[in-house]
Amino acid sequence: MTIKRRDFLGHVAAGSAIVTMPAFLTGCGVQQATQIATPTPENPFMSWFGVDEAMITRVMTELTANGADTADLYFQHQRSNNLSMEDGIVSRANTGISQGVGLRVVIGEQTGYALTEDLTLGSMLAAARTAAAIANGTGEIAPQAYNPKKMGDLYTSSLPWSDVGIDRKLPLLKYVDAEARKGEPAVEKVSVYFSDADERVLIATLDGHLVMDHRPMTRMSVMLTATKDGETQSGYSNVASRQDFTWYTEERLDRMIEEAVDRTMILFEARRPPAGEMPVILAAGASGILLHEAIGHGMEADFNRKGTSIYSDMIGKKVAEPFVTIVDQGTIPKERGALNYDDEGNECGRTTMVENGILRSYLHDSISSRQYQVGATGSGRRQSYQYAPMPRMTCTFMEDGPHTKDEIIAAVDHGIIAETYTNGQVQIGAGDYTFYVKNGWLVEGGKVTAPIKDVNIIGNGPESLKRISMVANDAKLDTGGWTCGKNGQSVPVSQGIPTVLVSSMTVGGENVS
Amino acid sequence: MSADLQKRAEQAVEMLRAAGADDAWATAAQSRDVEFNYRDGALEKVKDTTSRMLAIQVYANGRYSSHQTTDLNPDRLGGFLKEAVDITGALEPDEQRELTSPELFANRPDVELDLVDGSVQTLDRDQRIDWCETLDENARLHNRVISATSSVQDGTQTTASASSNGFSGVQESTYCWLGARVTLSDRGDRRAADGFFAGSPHVSDVPDAASVASTALERALIRLDSEKGPTTKSTMVVDSRAAAQLVGRLMGTANARSVQQGRSFWADIIGKEVFSPKLTIVDDPLLVRGLASRHYDREGISAKVLPIVEQGVVKNLYVDTYYGRKAGMTPTTGSASNRRIEPGDQSLDALLSDAGDGVYVTSWLGGNADGTTGDFSLGLRGHMIENGQIGRPVGEMNVTGNLRDLFARLEAVGNDPYPYSSTLAPSLVFADVDFSGV
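First to last, the protein sequences are chains U and L. Take 1 as the starting number for the first sequence in the working numbering and just add one per residue. Take 514 as the starting number for the second sequence in the working numbering and just add one per residue.
Just chain L, same shape as in the assembly (with noise of 0.2 Å):
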């Protein structure tokens, strides 16, 4: 498959450029998706799709513009192709819009990155509906639970790009996920709910169905009898699946995009401690078995670890090549891949117990930031922490600040980053918080 996918793209900027291109860069790409559900004791839904498609970028005369098809047909293919170069004619030029320069491309690391898992490719009907009954059997071990929906989702993702100034690559990976969500009956017409969801490119690497669904069941157990926690200033723990998506929002214009359309808080840090020297946050391509490794990036810019904040201290952005032509930005990669926040050497229980008092946030429901400012505001769920301890639990409250002070508060880290997600990052200790709730 990796052949044709390669030759394909490689068929699309010989077309483009006879089309009357002066450069071009395409990428086909190809997936095969598998999804079984089941609930409370029943198959629900079985999808199986095998997808394609081509997207390509065409820059013609000073112009730029790009485009994707799911319409392969050989007589309509180029027609597209074609229409694309024809489109660029009718933007206006610009100067620093070009194809990123084959010095970026080269030394392309050859590290195995062990993306692809045999054994998910060749995995059957009864293996599947095996996993979703054991998760089915275990999320519903509870006399309060209402409904339990499980899930096992695995597929192959293989894309392959070429460009008219020399790049050429193949990327495959294989996923396989088990999860399952559990509703409880609580007091009067709520419902208690909560779920989990594990994942890796390797099957090997998936914890077992029945602990995935066990874990859910007691997810969705502790926020029974939750109620609206305090109005109070005082020290928030996250655990560490909750600070995964609290990192991502810290970094959400830590990009040269936004800091080149004056929308980003990090424009002025750079170089600059303004963070804890308790946070250090690398961006690590190469991460063996990684949700989000790669070789190279989606414009061919060969893969390294960059660091992003050390010990504090903004070291790098993400800077991709045209935005960082457009902010005078030494381009490093235009998207994150697997990012690492480097670990402390204490437990969650520790870091609760040293706490003493707060918050510990287990989710978060909704809010915003803005990325210019680095104001927040995010809803949570959670518990009290009760003398050192897990209390009772809470929710419909809100955490509002200033992300960049926030940081600039975080007083301990976890040893225990969060594996199923792309975002590494262990439990979170900040202090002098500012909640909203009775």
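Looking at chain U on its own, in the form it has when it is part of the complex (with noise of 0.2 Å):
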């Protein structure tokens, strides 16, 4: 029972761009900084980066002089769109680049780290010293020449962000900001907000991998605020993914705008539930949430290599009911959780944590799979060059069980459905986690009664897994743009999960008697 694909992909063959797109200021915002010609030309580092494999071969040298298990260089390039929308003027753009080489070398659990924006061979040398500093052993020899793997395909493009000016996306933006105003007189104000960026990665290993990888994300945003008798409520949608200017179809485009209004009008309606414990039915897509803070971070190696999570000592272990499969994939094409290869230059793949009720395996970076002895997983990432990489997920979700959503609405007596998030949170030790209901809906006697909004709700990670009574055979991804953070990094996520039943969980409310 595999999620179906069909599903994450939605409408990018549909092909119809019904935006106008004029060419008036055609290379206008189309960027210049670094040429990525395709296919790949023969010796790419000289025009990502500027570099060759002498001098990687130099520096590599300089950062294992001490001694090293592994050792990484970690090239990147990003560079980031973002248009603003107010008040129905698009007034606001800025670009940022980002560009550095991060130096790391690892000896058992230690790390040295240093990095540099200056590219040139002085400073590289000077920032591999400062990280070698970390060691006082007996260097190691460093590759001569470099194996580059093959480039991944997840997320290919023949129009790539950088090709893609500010006129074009500008009618855009006009148009969700027009749409939004026609449907629903009491909306007053509409914010749109677009992104793209171009990420360029090269990574080399001291066993003499070079990876590269060329990744695309873009997020586009709506905010409605609506006023009715004198109340103004506001509301949220958004979409993301790593695909192209064409993946915004003006069908995609029509179901952001629409579920943006929807959220917001239905809060005029909507009231805080009974406070207290409660069955908790999480509709399919965005309630992946679960996953990711009750038992998705507790399942990072580095956690558990240290002994710090819940899970420390659980793997073999029944956790769910046998009609519980969890999974991290970094494979799903286009996902904004996607990666051809993580940021230590390991393959993505497919992780099961949780396989029919038992927990299986964690997410290992380079230091915990050494540790614990087990192939990498490929879930070593970091936010940017200025980051050493730690365990991370990539796309979370529970495939599809053998319930349906009206089964799984009919048993609940006295409960809520939860809809849609703003955030999660999870404590590894004591496995307690959160999420932030923004929308959702009470049900009574089996049926859907009245909106609810803006409730916190608690459990306790593996308490929650073993009380997940029901699963429905409806799983999809959410589209929306995820953001973990951790240790004080952000890696773009995805989550997904069919409709769930979790018989009891500790929902915020007011009406306490």
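Rather than coming from a laboratory, the hints here were simulated on the basis of the structure. From the three backbone atoms N, C-alpha and C, an ideal C-beta is built for every residue, glycine too. Take the hints with a grain of salt, since some may be wrong.
[Unchecked claim] Looking from chain L toward chain U, a few residues come up when the C-beta cut is under 8 Å (computed):
{"no.": "1", "residue": "T583"}
{"no.": "2", "residue": "D584"}
{"no.": "3", "residue": "A603"}
{"no.": "4", "residue": "E605"}
{"no.": "5", "residue": "I659"}
{"no.": "6", "residue": "T696"}
{"no.": "7", "residue": "R703"}
{"no.": "8", "residue": "K741"}
{"no.": "9", "residue": "G775"}
{"no.": "10", "residue": "N911"}
With the hints as a guide, bring the two chains together.
See below:
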């Protein structure tokens, strides 16, 4: 039972780019900072970062001069573009160029890390010496030649974001603004935000691997404020992926606008549910936030090798009903959390964290996979060249179960449905986690009765897994732009889930008697 | 270094003007950051980085854009600046957008903020390792410790700004933080964990490593055997560290942008007494050695002490020049500096004693607030208050309500502002709060 791929890809192939894009400013806003030719040039180093194998070997030699189990150079060039539309005009743009190299040397569980934004040999050697100071042993022999790994194709596009000027993006924002105002007279303010990024990384490792990845990213969001009978409410919707410009079909934009309008207008009727413990139905899609917080973080192997996670001693044990299977998979094409290679140069794959109710595998980086003597899971990620990698999630989801959504709703006498979310958090050691429900529904006597809003839900990871009593057959990934923060580093992630019943959780509420 | 950065900012402004900008602002920044992590008797990570960047704002033909880059290679910088002007031209005009008026640059305070400690810049490896070892030893002084991670983080940040209408300024500050996070074995597979971090621009203001680690260990130990508390309506006492975060949530939309965009419950309450008379909040950028002290803000507005709430009456919001113009509000400053919550005269013990019973909150877990309505719901950890004393540890609970209503029910304020946050909040006591638990 795997999630259907077409759910992930949506309507890419529809190709009905309704929005017209006048070419009156061709070339404007097109980045020239680096050129990427396709197919990959014979020696991509020069064109991307102005370095060559001989330089990398010299820097690697300096980096490992005092010994190393592993070492890597992480070159990154990212260009991001943002456009904002408020009060009917697209009057703010921001571009950011982030370029540099992170140098890491690892001995056992010890890491030395330095970086430079100046990609000259002198600066890189100086940074290498700084990182190498972690160790005091004898030097390693750096590879004299590097084997380029095959480029991945999870998010290849013939239309890189660097080729799309503001002139083509601007009409998209204006369309969203106009459509959002059209349908609902109560809507007073519309803000539209658009961002895209082209990221190129080059990873050279001590064992002679050379990994290149070209990672696109885009996100669009709309925020509404509506006023009715003197009351003001605001709501929000967004879409994000590693897609290109053609992903923004009129149908996709219309769905985003409709969601934002619905989520805003329902707030005028929505109330807080009663406070306390009750059954919680997690709507399919964004409720994958439960998996991210209740189990995903606790399965990251850095916490487990240190013994600080509640899951540290649970591998092989039964943690949930047999119809519960939870996966982290970086290889789902075009997903926001997808990666061809992780930020240590390991291929991303599919890691089954819970298989038919049994806890199976942690998410590993190179440090933990060596310590546990297991293969890498491709989970070593970092925010940028300014940070050392650590185990992280990519796309986290639960597979389909044997029940239906209707059966689940009918099974609840008094509880809630949680539908949209803003954020979540977890305490790794205690296992307590929370997520904030922006929109949801009250369920009474097996029927959906009234809208609810703004409640935090709190539970304990292993206890909630045990309490997953029904899983429906409607799994889907959320297309929202989720970002995960850990130890001060943010990375893009995806999450998904079918409709699920958790028999008891603690729901925030106001109606305390 | 300051002079180099100043020159870089000035050159960027000149180049932008030459490329066709009517006006421009540039900020050049450089930082050195060092982090030593130590875990369970061994050094775990040393990170030593020097980083730099250039940020610019372009005003051309009634249009505006902003950009930043870490690629300062002179061969490419010209192209980057030229492109920034071109991008600006592709946007729609916005008549409200103009460079900060030079009147707001005037009267820049010259009080010595004392934000640079030379001894931070000369810290050596031995000193950092010594602190790490002391933190590590003291954080693990209990037989239930599974793991403790200690860290020493220090550095220097320098920024220089220049504008085409005469702004020029350099700000520099140092920081040094020590901290530890401790994980203890608890019942079953559970671990109890907490940490404590303390820091200042000056090494001499940082508590000694042993006491930082002891505080971290104590905070973890009181989490042992925590259970879910009750669903109840009762008094809430929030400790100073958690209070700083709660005040941060209250003030999340106390700014002109949120008001102008129709997304702030502060819009209707300016000049009104809506909060408890016990509540006074002042934005104070001029605190000597403050964590967020400054002589001017990020758009060059000269720093001054700004009352936000005075005895429950809303006096001012954070107003930058752009949204100020759009909303018809006089600019104050666009971003918070140090936020001081006026302390009361009672200790935390006295507040708990007066409360008699209720919930004592020591930290938050997740949750959020709707800044438009003020509705909030937060996860919490803490203790039951039993007979005026700290009682059994509780967790897995939520507190839910409306921020505006909550701060109207502020009953008492402690005398213990939390020093390791730019929001200097004392312990706070609120009446009739809705908790959900068992």
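Query raised in the report: Does the interface hint hold: is L/R703 within less than 8 Å of chain U, judged Cβ to Cβ?
Result: holds (6 Å)
Query - Interface restraint verdict for L/D584 against chain U (beta-carbon cut-off 8 Å) - result: Where the cut-off is 8 Å and the nearest Cβ of chain U is about 4 Å from L/D584, the hint holds.
Query raised in the report: Any CB of chain U closer than 8 Å to the CB of L/G775?
Result: holds (4 Å)
**Report entry** Interface hint status, L/T583 versus chain U (Cβ within 8 Å)
**Finding:** holds (4 Å)
Report task. So, L/N911 near chain U? Judge it on the closest CB pair being under 8 Å. Result -> Holds, because the Cβ-Cβ distance from L/N911 to chain U comes to roughly 3 Å (cut-off 8 Å).
Query - Cut-off 8 Å, beta-carbon criterion: hint that L/A603 touches chain U - result: For L/A603, the interface hint holds, since the closest Cβ of chain U sits about 4 Å away, which is under 8 Å.
Requested in this report: Answer holds if the nearest beta-carbon of chain U is closer than 8 Å to that of L/T696; otherwise answer violated.
Outcome: Constraint on L/T696 satisfied, holds at 4 Å.
**Report entry** Agreement of hint L/K741 with chain U interface, Cβ distance less than 8 Å
**Finding:** This hint holds: L/K741 lies near chain U, its Cβ roughly 7 Å from the closest one there, short of 8 Å.
Query - Per-residue hint verdict: L/E605, partner chain U, C-beta under 8 Å - result: holds (4 Å)
Query raised in the report: Under the criterion of a CB-CB separation shorter than 8 Å, is L/I659 in contact with chain U as hinted?
Result: holds (5 Å)
Violated hints: none; the structure is consistent with every hint.
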